[in-house]
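Asks: Below are the chains, spelled out letter by letter.
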Amino acid sequence: MYSNKPLSTAVNSPVQAVLARYGADPHALVQILRELQHLQGWLTRDNLYQLATALGLTLAQVEGVAGFYRFFHTRPVGAYRVLFSDNVTDRMLGSQALMTDLCRRLGVAPGQLGDDALFSVDQTSCTGLCDQGPALLINYQWVVTRLDAERVARLAELIRARVPVAQWPAQWFEVRDNVRRADVLLGAPSEPGAALAAALARGPTAMLADIKRSRLRGRGGAGFATGLKWELCRQAPGVEHVVVCNADEGEPGTFKDRVLLSRHAAAVFEGMTIAAHVIGARRGLLYLRGEYRYLLEPLLALLQVRRDSHLLGTSIAGQQGFNFDIAIHVGAGAYVCGEESALIESLEGKRGTPRIRPPFPVQRGYLGHPTIVNNVETFCAVAAIALQGGAWWATIGTAESTGTKIHSVSGDCQRPGLYEYPYGTRIDAILQDCGARDTQAVQVGGPSGICLSDSEFDRRIAFEDVPTAGAFMVFDRSRDMFEVARSFAHFFAHESCGFCTPCRVGTELVARRLDKLAAGHGSSDDLVVLIELDRLLHSASHCGLGASACNPLRDTILKFRPAYQQRIKSPHFEPAFDLDAELSIARRMTGRDDADAHFENES
Amino acid sequence: MTDKVAPVQSFLLDGKKVLFRADETILQAATRAYHYIPHLCWHADFPAHGSCRLCSVKVNGQTAAACTVRAAPDQVIESDTEELNGQRKRLLQMLFIEGNHFCPSCEKSGNCLLQATAYQMGMLGPHFEEFYPDRPVDASHPDILLDFNRCILCELCVKASRDVDGKNVFSIGGHGIASHLLVNSESGKLVDTTMALDDRAAHICPVGVILPKRRGFAVPIGQRRFDEKSVAQQAQGEAS
Chain A
1 MYSNKPLSTA
11 VNSPVQAVLA
21 RYGADPHALV
31 QILRELQHLQ
41 GWLTRDNLYQ
51 LATALGLTLA
61 QVEGVAGFYR
71 FFHTRPVGAY
81 RVLFSDNVTD
91 RMLGSQALMT
101 DLCRRLGVAP
111 GQLGDDALFS
121 VDQTSCTGLC
131 DQGPALLINY
141 QWVVTRLDAE
151 RVARLAELIR
161 ARVPVAQWPA
171 QWFEVRDNVR
181 RADVLLGAPS
191 EPGAALAAAL
201 ARGPTAMLAD
211 IKRSRLRGRG
221 GAGFATGLKW
231 ELCRQAPGVE
241 HVVVCNADEG
251 EPGTFKDRVL
261 LSRHAAAVFE
271 GMTIAAHVIG
281 ARRGLLYLRG
291 EYRYLLEPLL
301 ALLQVRRDSH
311 LLGTSIAGQQ
321 GFNFDIAIHV
331 GAGAYVCGEE
341 SALIESLEGK
351 RGTPRIRPPF
361 PVQRGYLGHP
371 TIVNNVETFC
381 AVAAIALQGG
391 AWWATIGTAE
401 STGTKIHSVS
411 GDCQRPGLYE
421 YPYGTRIDAI
431 LQDCGARDTQ
441 AVQVGGPSGI
451 CLSDSEFDRR
461 IAFEDVPTAG
471 AFMVFDRSRD
481 MFEVARSFAH
491 FFAHESCGFC
501 TPCRVGTELV
511 ARRLDKLAAG
521 HGSSDDLVVL
531 IELDRLLHSA
541 SHCGLGASAC
551 NPLRDTILKF
561 RPAYQQRIKS
571 PHFEPAFDLD
581 AELSIARRMT
591 GRDDADAHFE
601 NES
Chain B
1 MTDKVAPVQS
11 FLLDGKKVLF
21 RADETILQAA
31 TRAYHYIPHL
41 CWHADFPAHG
51 SCRLCSVKVN
61 GQTAAACTVR
71 AAPDQVIESD
81 TEELNGQRKR
91 LLQMLFIEGN
101 HFCPSCEKSG
111 NCLLQATAYQ
121 MGMLGPHFEE
131 FYPDRPVDAS
141 HPDILLDFNR
151 CILCELCVKA
161 SRDVDGKNVF
171 SIGGHGIASH
181 LLVNSESGKL
191 VDTTMALDDR
201 AAHICPVGVI
211 LPKRRGFAVP
221 IGQRRFDEKS
231 VAQQAQGEAS
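As given, the protein sequences belong to chains A and B, one line each in that order.
FYI, in our numbering the residues of the first sequence are 1 to 603.
FYI, in our numbering the residues of the second sequence are 1 to 240.
One thing to keep in mind: the hints can contain errors.
Straight-line distance between alpha carbons at most 27 Å, and here's what the computed BS3-like set of lysine-lysine pairs gives [to be verified]:
{"hint": "1", "chain 1": "A", "residue 1": "516", "chain 2": "A", "residue 2": "569"}
{"hint": "2", "chain 1": "A", "residue 1": "559", "chain 2": "A", "residue 2": "569"}
{"hint": "3", "chain 1": "A", "residue 1": "5", "chain 2": "B", "residue 2": "189"}
{"hint": "4", "chain 1": "B", "residue 1": "189", "chain 2": "B", "residue 2": "159"}
{"hint": "5", "chain 1": "B", "residue 1": "89", "chain 2": "B", "residue 2": "167"}
{"hint": "6", "chain 1": "B", "residue 1": "189", "chain 2": "B", "residue 2": "213"}
{"hint": "7", "chain 1": "B", "residue 1": "89", "chain 2": "B", "residue 2": "189"}
{"hint": "8", "chain 1": "B", "residue 1": "58", "chain 2": "A", "residue 2": "350"}
{"hint": "9", "chain 1": "B", "residue 1": "229", "chain 2": "B", "residue 2": "16"}
{"hint": "10", "chain 1": "A", "residue 1": "559", "chain 2": "A", "residue 2": "516"}
{"hint": "11", "chain 1": "A", "residue 1": "350", "chain 2": "B", "residue 2": "167"}
{"hint": "12", "chain 1": "A", "residue 1": "350", "chain 2": "B", "residue 2": "159"}
{"hint": "13", "chain 1": "B", "residue 1": "16", "chain 2": "B", "residue 2": "89"}
{"hint": "14", "chain 1": "B", "residue 1": "167", "chain 2": "B", "residue 2": "229"}
{"hint": "15", "chain 1": "B", "residue 1": "189", "chain 2": "B", "residue 2": "229"}
{"hint": "16", "chain 1": "B", "residue 1": "17", "chain 2": "B", "residue 2": "58"}
{"hint": "17", "chain 1": "A", "residue 1": "516", "chain 2": "B", "residue 2": "89"}
{"hint": "18", "chain 1": "A", "residue 1": "5", "chain 2": "B", "residue 2": "16"}
Footprint (simulated), chain B over chain A, 3 or more residues, beta carbon under 8 Å [unchecked claim]:
{"hint": "19", "segment": "181-193"}
{"hint": "20", "segment": "366-373"}
{"hint": "21", "segment": "437-444"}
{"hint": "22", "segment": "502-509"}
{"hint": "23", "segment": "588-596"}
One side only, chain B facing chain A, incomplete, derived with CB under 8 Å [said to hold, decoys possible]:
{"hint": "24", "residue": "45"}
{"hint": "25", "residue": "46"}
{"hint": "26", "residue": "50"}
{"hint": "27", "residue": "53"}
{"hint": "28", "residue": "56"}
{"hint": "29", "residue": "68"}
{"hint": "30", "residue": "72"}
{"hint": "31", "residue": "124"}
{"hint": "32", "residue": "143"}
{"hint": "33", "residue": "172"}
{"hint": "34", "residue": "183"}
{"hint": "35", "residue": "184"}
Hints are computed from structural coordinates only; laboratory data are not their basis.
As the structure is a computational prediction, the values presented were derived from the model and not from experiment.
Idealized CB from N, CA, C, for every residue including glycine.
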């Protein structure tokens, strides 16, 4: 398994530097691993051992955390780690052919370490650049957008010539905001501190009442009433209370938080500070998904500006006793950490496994303290409500869904980007505005949301009709909805945390079963099993990831049945076990590939 | 002490009244009252884990894991229904096909909670295609064998070693379908830990992962724990 050589306790300088920065706090383990890997390229077993010793953890605990996150490596991955974003929208823009091309140019298979341990090429879950894909993530630090054949050819040369990424053409790293329709949130930013001043003038009780009056609901998907969440947290006993901003925007096809954090970060921090004032928190944490690492420096700089302006820190805005500050935690590639209790586990330096609830985070959250976790967009809405009032907010939208919603539009349309509409907007209105033609389907809310066919485009975006966390992926009639569902199935199998049986095994079974259909071995029985798996995952999973993992499957079987039917070769049972494929190892061992070394094909 | 307080409130489990104490979960109360709700990762001596999902029941129509839901007086709970037992059978089949379970050659056969529960739920075959993962055994320890092929990730050994033995021998690594048990030593081998045969962790495994060496088939198959009485009959104890 590992070498018998005792592990080295001689702590090298990168380990020392990172440990010193975090004061040997075991709750900072995810940050420590991320920063150490950034310095060294990968995490050696010696490193894990040294960290365990310094942090008072066991080696296996540290190994367990390092092995949980997709962005951590306990084996070399090369000086250039090139990851192709693998959302279905990247695929629709040709990402798979581009990856094949890059691998061919570099002479490496996907996932394998190239010559001289210089590089590796692989895929990663959606990087939130669907409106400017295909996109690449390099060394978990840089993103390359609008990839094409020319860029891939040049990129291969640059890697071969060992040119540092920082010296690559600057326009490759350009990330556009693409705000196509702005309403109350995406419009011109307000004066920094104005919303906070309005909230402070009202006082925590009145501010909470105003949030309740606005009937604001969480923008992360579940739609829990923000005012009620805050009230429960405010009332929960605890030595301190914590405000967490969920910027782990991992739902494929969603990129609104990226733009909010690029253009409206002041409003996000202002909303967090208002929340702190209401629930009585001193500590704020922003969980930034690892894919958005490039936003870290500007966000840190803005936090410093706000401290210098007395909008963070001690005696905020001159109010004695109002002390609050915000730290940023960068994720490391785990979609499940978007679930609030998994996010808190990750903030505490652990594997991002969803907790048993109750207790809910508002009762026992970060380090056991009562904690509110709200979405980036929710905090922006809070800042707007503080300025203009809950009654004003409640006039926008519908009865059960007040205010506006920002949609990340991508896929088959002329103008992908961000569109902000009041709740109650029809699907076909959004399709028309983004320049979608001949549309077959829209995946609203990402793979864990709902797939709508053209007969449903008169439905409206609202919690009472079509709820959404913000993704809006458009598919025209040239697209194969079976392949869309298969791509999402692989996403969920890849992102399952592995904790509960139905999700761990079920997502894998679904992905394999769809691969079987794609390979031409489908039978009617497979559809029966798939429908059964959907029901099982929905009812028995530990968290929302498992419960919603089969949504795209269920919707597409129901609404795009011919896409499945054409793959069903037999009305009877077809084994998943391929006898001839199973012989491949024996063929390789014996060096044979003649006709007698294969099973006869019946056809 | 809570266990000296007499139960005063009750919920309905499959139409039968079950008394519970404050702070008890549905599964705790049901077990204490000799009602059988199938489960694998739950153990009376440890906090609920909630990973196997076998104890999923319907609480006032909503599916939830009985090991994690606190008992409450207004609950009407369904457990022994065709639908829920069918779901349990599928979960069991998932656990069988993701590992390598060859009952006839397994020393744990007849004492294995996974096998006994599969019999109880009427599981006759794997239903799904088998994954046949490659999971080498760890035979490094002089007294204890680790056969990871049978692991169902219940984490009882993790908890027993950490909370009872104070040794922290086990942990969980990886993610998704590749999640696996880790041994805490520099070599990753059990021989380099302080684990001993009289540890609680050496006797907590509900399946056949953690086995004492040199004690093969001392009790013949047919005379083992679940051979005489089914898992449900044992849970129902004197009530049956």
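Asks: Given the hinted pair residue 58 of chain B and residue 350 of chain A, is their alpha-carbon gap at most 27 Å?
Replies: violated, 31 Å
Asks: So, as I understand it, the hint says residue 124 of chain B touches chain A; can you test that by seeing if any CB pair is closer than 8 Å?
Replies: With Cβ-Cβ at 16 Å, over 8 Å, it is violated.
Asks: Does residue 229 of chain B sit within 27 Å of residue 167 of chain B, going by the straight-line distance between their CA atoms?
Replies: violated, 35 Å
Asks: Any CB of chain A closer than 8 Å to the CB of residue 143 of chain B?
Replies: violated, 20 Å
Asks: Please verify whether residue 16 of chain B and residue 89 of chain B have alpha carbons no more than 27 Å apart.
Replies: It holds: about 24 Å lies between the C-alpha atoms, which stays within 27 Å.
Asks: Mind taking a look at whether chain B covers the segment 181-193 of chain A? Criterion is 3 or more residues with CB to CB distance under 8 Å.
Replies: Since three or more residues must qualify, the claim that chain B covers the segment 181-193 of chain A is violated, with 0 doing so at under 8 Å.
Asks: Is the interface hint for residue 183 of chain B satisfied, with its Cβ closer than 8 Å to some Cβ of chain A?
Replies: This hint holds: residue 183 of chain B lies near chain A, its Cβ roughly 7 Å from the closest one there, short of 8 Å.
Asks: Residue count check for the segment 588-596 of chain A against chain B: does it reach three with CB-CB under 8 Å?
Replies: Since 0 is below three, the answer is violated.
Asks: Does the alpha-carbon distance linking residue 350 of chain A and residue 167 of chain B stay inside the 27 Å limit?
Replies: With Cα atoms ~19 Å apart, residue 350 of chain A and residue 167 of chain B stay inside 27 Å; holds.
Asks: Closer than 8 Å between Cβ atoms is the bar; does residue 68 of chain B clear it against chain A? Give me holds or violated.
Replies: Hint holds; residue 68 of chain B Cβ to chain A Cβ min 5 Å, cut 8 Å.
Asks: Could you grab the alpha-carbon distance between residue 89 of chain B and residue 189 of chain B and see if it respects the 27 Å cut-off?
Replies: violated, 34 Å
Asks: Against chain A, is residue 72 of chain B within 8 Å by beta-carbon distance?
Replies: Status violated, d = 12 Å.
In this structure, the earlier hints numbered 5, 7, 8, 14, 15, 18, 19, 20, 21, 23, 24, 25, 30, 31 and 32 are contradicted, and the remaining ones agree with it.
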